[in-house]
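Going down the list, the sequences are from chains X, D, R, V, S and E.
Counted from 1, the first sequence has number 105 at position 99 by our numbering; the numbering is strictly sequential.
Counted from 1, the second sequence has number 131 at position 125 by our numbering; the numbering is strictly sequential.
Counted from 1, the third sequence has number 90 at position 84 by our numbering; the numbering is strictly sequential.
Counted from 1, the fourth sequence has number 62 at position 56 by our numbering; the numbering is strictly sequential.
Counted from 1, the fifth sequence has number 36 at position 30 by our numbering; the numbering is strictly sequential.
Counted from 1, the sixth sequence has number 90 at position 84 by our numbering; the numbering is strictly sequential.
For the record, the hints were derived by calculation from the structure and aren't laboratory data.
Be careful, since some hints might not be right.
Repeated chains share a single entry, so a pair holds when one copy, or any two copies, can fit it.
Stated by the list, open to error - Here are the simulated DSS-like pairs of lysine-lysine, each with C-alpha atoms no more than 27 Å apart in a straight line:
#1 Lys-143 / Lys-17
#2 Lys-15 / Lys-143
#3 Lys-42 / Lys-143
#4 Lys-42 / Lys-15
#5 Lys-17 / Lys-45
From a predicted model like this one, the values you see are computed outputs, not experimental measurements.
Number of protein chains: 6
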Amino acid sequence: MKMVDVGSKEKTERVAVARGMLRMSTESLVRLRERKLEKGDALEAAKLAGVMAVKRTPDLIPLCHPIGISGAEVQLELGTDGVEIAATVRTVERTGVEMEALTAVCAAALTLYDMLKSGDRGMHLTDVRLTHKSGGKSGTFEQA
Amino acid sequence: MKMVDVGSKEKTERVAVARGMLRMSTESLVRLRERKLEKGDALEAAKLAGVMAVKRTPDLIPLCHPIGISGAEVQLELGTDGVEIAATVRTVERTGVEMEALTAVCAAALTLYDMLKSGDRGMHLTDVRLTHKSGGKSGTFEQA
Amino acid sequence: MKMVDVGSKEKTERVAVARGMLRMSTESLVRLRERKLEKGDALEAAKLAGVMAVKRTPDLIPLCHPIGISGAEVQLELGTDGVEIAATVRTVERTGVEMEALTAVCAAALTLYDMLKSGDRGMHLTDVRLTHKSGGKSGTFEQA
Amino acid sequence: MKMVDVGSKEKTERVAVARGMLRMSTESLVRLRERKLEKGDALEAAKLAGVMAVKRTPDLIPLCHPIGISGAEVQLELGTDGVEIAATVRTVERTGVEMEALTAVCAAALTLYDMLKSGDRGMHLTDVRLTHKSGGKSGTFEQA
Amino acid sequence: MKMVDVGSKEKTERVAVARGMLRMSTESLVRLRERKLEKGDALEAAKLAGVMAVKRTPDLIPLCHPIGISGAEVQLELGTDGVEIAATVRTVERTGVEMEALTAVCAAALTLYDMLKSGDRGMHLTDVRLTHKSGGKSGTFEQA
Amino acid sequence: MKMVDVGSKEKTERVAVARGMLRMSTESLVRLRERKLEKGDALEAAKLAGVMAVKRTPDLIPLCHPIGISGAEVQLELGTDGVEIAATVRTVERTGVEMEALTAVCAAALTLYDMLKSGDRGMHLTDVRLTHKSGGKSGTFEQA
Numbered sequence: 007m008k009m010v011d012v013g014s015k016e017k018t019e020r021v022a023v024a025r026g027m028l029r030m031s032t033e034s035l036v037r038l039r040e041r042k043l044e045k046g047d048a049l050e051a052a053k054l055a056g057v058m059a060v061k062r063t064p065d066l067i068p069l070c071h072p073i074g075i076s077g078a079e080v081q082l083e084l085g086t087d088g089v090e091i092a093a094t095v096r097t098v099e100r101t102g103v104e105m106e107a108l109t110a111v112c113a114a115a116l117t118l119y120d121m122l123k124s125g126d127r128g129m130h131l132t133d134v135r136l137t138h139k140s141g142g143k144s145g146t147f148e149q150a
Numbered sequence: 007m008k009m010v011d012v013g014s015k016e017k018t019e020r021v022a023v024a025r026g027m028l029r030m031s032t033e034s035l036v037r038l039r040e041r042k043l044e045k046g047d048a049l050e051a052a053k054l055a056g057v058m059a060v061k062r063t064p065d066l067i068p069l070c071h072p073i074g075i076s077g078a079e080v081q082l083e084l085g086t087d088g089v090e091i092a093a094t095v096r097t098v099e100r101t102g103v104e105m106e107a108l109t110a111v112c113a114a115a116l117t118l119y120d121m122l123k124s125g126d127r128g129m130h131l132t133d134v135r136l137t138h139k140s141g142g143k144s145g146t147f148e149q150a
Numbered sequence: 007m008k009m010v011d012v013g014s015k016e017k018t019e020r021v022a023v024a025r026g027m028l029r030m031s032t033e034s035l036v037r038l039r040e041r042k043l044e045k046g047d048a049l050e051a052a053k054l055a056g057v058m059a060v061k062r063t064p065d066l067i068p069l070c071h072p073i074g075i076s077g078a079e080v081q082l083e084l085g086t087d088g089v090e091i092a093a094t095v096r097t098v099e100r101t102g103v104e105m106e107a108l109t110a111v112c113a114a115a116l117t118l119y120d121m122l123k124s125g126d127r128g129m130h131l132t133d134v135r136l137t138h139k140s141g142g143k144s145g146t147f148e149q150a
Numbered sequence: 007m008k009m010v011d012v013g014s015k016e017k018t019e020r021v022a023v024a025r026g027m028l029r030m031s032t033e034s035l036v037r038l039r040e041r042k043l044e045k046g047d048a049l050e051a052a053k054l055a056g057v058m059a060v061k062r063t064p065d066l067i068p069l070c071h072p073i074g075i076s077g078a079e080v081q082l083e084l085g086t087d088g089v090e091i092a093a094t095v096r097t098v099e100r101t102g103v104e105m106e107a108l109t110a111v112c113a114a115a116l117t118l119y120d121m122l123k124s125g126d127r128g129m130h131l132t133d134v135r136l137t138h139k140s141g142g143k144s145g146t147f148e149q150a
Numbered sequence: 007m008k009m010v011d012v013g014s015k016e017k018t019e020r021v022a023v024a025r026g027m028l029r030m031s032t033e034s035l036v037r038l039r040e041r042k043l044e045k046g047d048a049l050e051a052a053k054l055a056g057v058m059a060v061k062r063t064p065d066l067i068p069l070c071h072p073i074g075i076s077g078a079e080v081q082l083e084l085g086t087d088g089v090e091i092a093a094t095v096r097t098v099e100r101t102g103v104e105m106e107a108l109t110a111v112c113a114a115a116l117t118l119y120d121m122l123k124s125g126d127r128g129m130h131l132t133d134v135r136l137t138h139k140s141g142g143k144s145g146t147f148e149q150a
Numbered sequence: 007m008k009m010v011d012v013g014s015k016e017k018t019e020r021v022a023v024a025r026g027m028l029r030m031s032t033e034s035l036v037r038l039r040e041r042k043l044e045k046g047d048a049l050e051a052a053k054l055a056g057v058m059a060v061k062r063t064p065d066l067i068p069l070c071h072p073i074g075i076s077g078a079e080v081q082l083e084l085g086t087d088g089v090e091i092a093a094t095v096r097t098v099e100r101t102g103v104e105m106e107a108l109t110a111v112c113a114a115a116l117t118l119y120d121m122l123k124s125g126d127r128g129m130h131l132t133d134v135r136l137t138h139k140s141g142g143k144s145g146t147f148e149q150a
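Pulled out of the complex, with its shape left as it was, chain X reads as follows (with noise of 0.2 Å):
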């Protein structure tokens, strides 16, 4: 096990997006929608875990190096049969984010789940994926 040595990369400026789809009952978007949960509001709930998450990866991903983060910011966007999440974190280093990106996801998915769970356990996290890595030796990625 080792976490490979990244000293001789240069630090440039990286950035990644990842996206994913918690799908859902109509009733629990519904709920969502009106924000009068138990809990709290959990659309801010959830896009703050997703910033908070970023700060953890390293924590969570045994191999993942840790670096400073410059920019982290998660979007929702409630369509028909889910929220579909998307998270873009920014870096001036030596690695990547795309660990951080996905782990925002879903952390942003989990925190909703949570905060609906009461009312419909049969929630499911679905297509999550990089959709754009730029910025370092190995160029330019992107996914649908």
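Using the hints provided, position chains D, R, V, S and E relative to the given structure of chain X.
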């Protein structure tokens, strides 16, 4: 925002099982099976990361109660188009461990992603869901 | 240095309430009320940060016991010269939750500070104190 | 909710100093001076807790950037009606360390509270504020 | 990998004591005794770091159960060729606290090392071992 | 207590290597070699725990600077009376990584202890020491 009061609930044995699938290329599956990745044994690392994530769940999910955990296990099964992940978590507390099991699945999947990503950035994490829950007042929940 | 032994104390329901005030300029209060800060909804973020800080208290306060928390809530009230913060924490343990309630007040206040500081660096956090404590052997404590 | 992007800011030497006062009874001040508390040396513990809290700040303050810290110090001065706390934090980064200094003051004060509380639950933490900030684009800030 | 299920074990009072020795030069022992190190009082810092490490043990040792701790204490004794460290940890849980006591010894020793290392990089940590364990089903263990 | 200011030091490539030995019974060595422990593969778990502990070092060692890590690796070698542990850590920062390497050795050893302890509570961790350090102003240090 509040962490709802569970002080009057009874301490009972509770179990939660969550599952998910990390879809990947055939080449990545071969690399996993051969266990010769640069960073180390990805399957062992993913299982361990899943168990450790159970203990970090209250730090990640804002309104989740911090509770004692009596047992946790993560299992991985290599299929034809990805890795099936299952996490089982047990407690004897006033609240359940659904969030812990779901978090373990995500952390195990993201650890696999991290160790395989240099060769395959297109992997998808799908169908993360609760498949079993028992032991609390709301009764037993089962989902395929 | 020692974390005093509480092993022979009884597990009882315990509650602690702490309060504090973040004094700020009229302009900052207006910005809070309008909820249009660059970083996001500061009131929701502060309440969430307060609840999450309850769970980090044993990491911050060196000799504080790590215990289960059964409920936590942070409330904010906008006054004429600042924001009044109140945190209520509940447990069923061998030791109280005063430190958790006080830590929640500080974390909520500092989160407001962080989100408003680009326009107002002169804010003061004052009168952080315990206002209620009940449930332990030392009896009930009340302070205005 | 977003952690604002600081990637285009320059790395410069930045310093922040925060102060606060923990008001307490004369009897508590005597106990502090004599350094004979059951739990150990409260003044040393408080200073250490303050320095350690600098490193936990991005975990506590949701939208605070995780950055490298080049130095941190907490000083305590026993006055006639309480303990004056001062924290100085230094960095060479793209963003300042005001939140780190303020968090250190709160953690040091709460640690004193924790070690004295069995004899004095009425202590107040007051006047937590930024007293100096320099090194960033917004210039130098001073407050008494 | 699994955290073994202890849900059916009984909650009993359990104690563990661990010991270790940090061997160092005579000059370092003199510096410790005089308590005039640049960074501060190393003996107080080491004791505190040991107690705090008890609370971080489940984060460090992957398959260790997260449990409540009812008491913890670290003691240091300056000998002729080093510092003897002893850590005592108590709980009322379904599993023991050997790992917590051993982790406390290591953290206390490494904190001393950190505060003395500018003058003595050759220090050795030796004989870290469990010296007492009682309260569980496996009975009492004693080792010199 | 202070975290000394390193802001004026230069960022250079720095490496530290630490070593230690976990002495154990022949029976425990056989159990390790056969990799059939109840909890899972102890050697992989120990290496991973060591690498992860590198990232937790500033949380455990109070006055240690939080810095970026560019690489980390833990190696285990089974000898005739125990397991030899070696940890190598690399950074490009203003301060060295001795504490990170020493912490990795301790965490790896304690993880082995945890996974073997049901059959052997008498294990000893010995000779934890820095064996190499280079890249800072104080020059290169070597110790057998």
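Now the hints, each set against the structure:
Within a single copy, Lys-143 and Lys-17 get their C-alpha atoms as close as 10 Å, and across copies as close as 22 Å, so both meet the 27 Å cut-off. Both within a single protomer and between protomers do Lys-15 and Lys-143 lie at most 27 Å apart by alpha-carbon distance, with minima of 9 Å and 23 Å respectively. In this assembly of identical chains, the alpha carbons of Lys-42 and Lys-143 lie at most 27 Å apart only when taken from different copies (23 Å versus 47 Å within one copy). In this assembly of identical chains, Lys-42 and Lys-15 lie within 27 Å of each other by CA distance solely across copies; the values are 24 Å between and 49 Å within a copy.
In this assembly of identical chains, Lys-17 and Lys-45 lie within 27 Å of each other by CA distance solely across copies; the values are 22 Å between and 42 Å within a copy.
The earlier numbered hints are all upheld by this structure, with none contradicted.
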